[in-house]
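Throw the hints in and build the complete structure from the sequences for me.
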Amino acid sequence: MSDGTLDLFADRAPAHSREPSSAADAGAGPSEGLRASGMPGPRVWTVRQVNRAVRLQLEQSLPQLWVGGEVTNFRRQRSGHCYFTLKDDTAQLRCVMFRREAARLPTDPREGMMVRVFGGLTLYEARGVYQLVVARLEAEGEGGMWKLAFDRLKRRLDAEGLTDAARKRGLPAFPGTVAVVTSPTGAALRDVIAVARRRAPWVRVLVRGTRVQGRGAGEEIAAAVSTLASRDVDVIVVARGGGTIEDLWGFNDEAVARAVASSPVPVVSGVGHETDVTICDLVADVRAATPSAAAEAALPDRRAVVRILDNLGTRLGKGLAGQARSRRWRLDQARDLLHRRGRRRVETCRGRLVRERSLVAGVMRARIARHRARLARDAAAMEALSPMSTLARGYAVPLDTRGRLLRKTADFPPAREFSLRVVDGGVACRVADEPGGGPTATSRRAERVGRAGRAHRAE
Amino acid sequence: MPSEGGLDRRLKRIEDIVASLDSDEVDLDEALALFEEGVGHLRRAQQILETAELKVEELIGAQGDEVREFEAPDQGDRDDGDRD
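Chains A and B are the protein sequences, given in the same order.
Here our numbering is used: the first residue of the first sequence is 1, the next is one more, and so on.
Here our numbering is used: the first residue of the second sequence is 1, the next is one more, and so on.
These are calculated hints, taken from the structure and not from any lab test.
Each statement offered as a hint is correct.
In silico DMTMM-like pairs for lysine to aspartate or glutamate, Cα to Cα no more than 25 Å straight-line:
#1 318/A to 30/B
#2 318/A to 36/B
#3 318/A to 22/B
#4 318/A to 15/B
#5 147/A to 164/A
#6 55/B to 232/A
#7 318/A to 25/B
#8 154/A to 108/A
#9 12/B to 22/B
#10 154/A to 246/A
#11 154/A to 274/A
#12 154/A to 220/A
#13 318/A to 29/B
#14 12/B to 301/A
#15 87/A to 140/A
#16 12/B to 285/A
#17 12/B to 25/B
#18 318/A to 27/B
#19 147/A to 70/A
#20 87/A to 59/A
#21 147/A to 88/A
#22 55/B to 296/A
#23 318/A to 16/B
#24 147/A to 108/A
#25 12/B to 37/B
#26 12/B to 310/A
#27 318/A to 37/B
#28 55/B to 301/A
#29 12/B to 232/A
#30 408/A to 433/A
#31 154/A to 276/A
#32 12/B to 29/B
#33 12/B to 296/A
Below, the structure is given as structure tokens:
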């Protein structure tokens, strides 16, 4: 370190070996000046000569040293150079930290912070003030400047809500592609790959190699997260093995925090050992203690997947059975509905039937009555035509023994037996048998009956 | 990118099928077809579990737009911490 510091001063005072550095050499200047003015008198130095002489005295008489004190008025110029004053109860020392060294500071020190600085004394000739050119600045106490920087960034991110538990997303249960941001040559990647091979060999691991320590690591990690987030990956693992706080500093970079927070893909952070906490851990959706743990968090376990498959198989079967059951239920419902409707329909029909039957019965009764009346009329008419009614009026009809009508006198030979049908029965008769004598009175009467076609009365 | 027949896609599809069957909105023929499809995915998923080999690729190039198979270096730990 001291070599570098010497080089530094050589850069800033490149001419000192060529400039007069002894009192004798320095004396040459004033005498020339006097000659130039043409005035005799004491030896007079230029301001520049004095400052140069003092600067050289300062730089050569004191080696680089550590100085402890309280920081005040720390200012970081746009050029990157930092200026501040180191003080204690009774004294102050002006300090400068040039851009190259200041860039290594994780953050600016707080006002009043107790620090120790390492550097060399010099004199700023243009102003004639002496100052300590600081190569390193360290805070006293646990964690020092790193902790201060960490706390400051964390407070800011907390205030923005980037570390809120509510922002944390769940990880996909079955990632197809797991992206890994880490050193392509590191142990962390080997661990992640080993876990993936053991737990979920069906996944695709996509590595984006970055530096994971030193200057620029933070930017690379942030860029890798952003790049992967725009790819078709399901989860991003940011991993690094253990190291000192300075080694892990890239994961405390604000750019990393912002890239992780804005990633549309969930991020698992596994940086360092169990006890290391980085800003990346705090902003990530899942914080794992180690790279291996991060891989385990990101990847399902094969045995768990087997259980899930079994479970899905059971649910598939149940789902189908449920479909069948619901169909049966609906069928039952439909059947019940049909029955209810059918019954109602039957009731309706029966009612209509009853009504119609009575209607028909009425019509039929009327028709029967009509028919009956007609029948009565016809019966009366037929009655009038009936031989019985003629008989009833006193006529009689002669019938032979075989029931044939006897109409003419020739039908009545003597001694012919015949029957005379009268209204209430038959009368057995016999034609008188006087030979040649013609028919008897009885036969005459019978003849008269036959002649007239209508008899008054049978004997 | 996970392949069309990847385990994740198949599991998602089976879950969707189970959800459809549970929702009672499916025609019976369709339900049967879904069930058969689900069983097919289950079988294939089990095969994948048994036979899969890890594939590790590396995204390279300044824009990260090139993918190549990842070759593990012979010795690691060059700029990484110790193993955990």
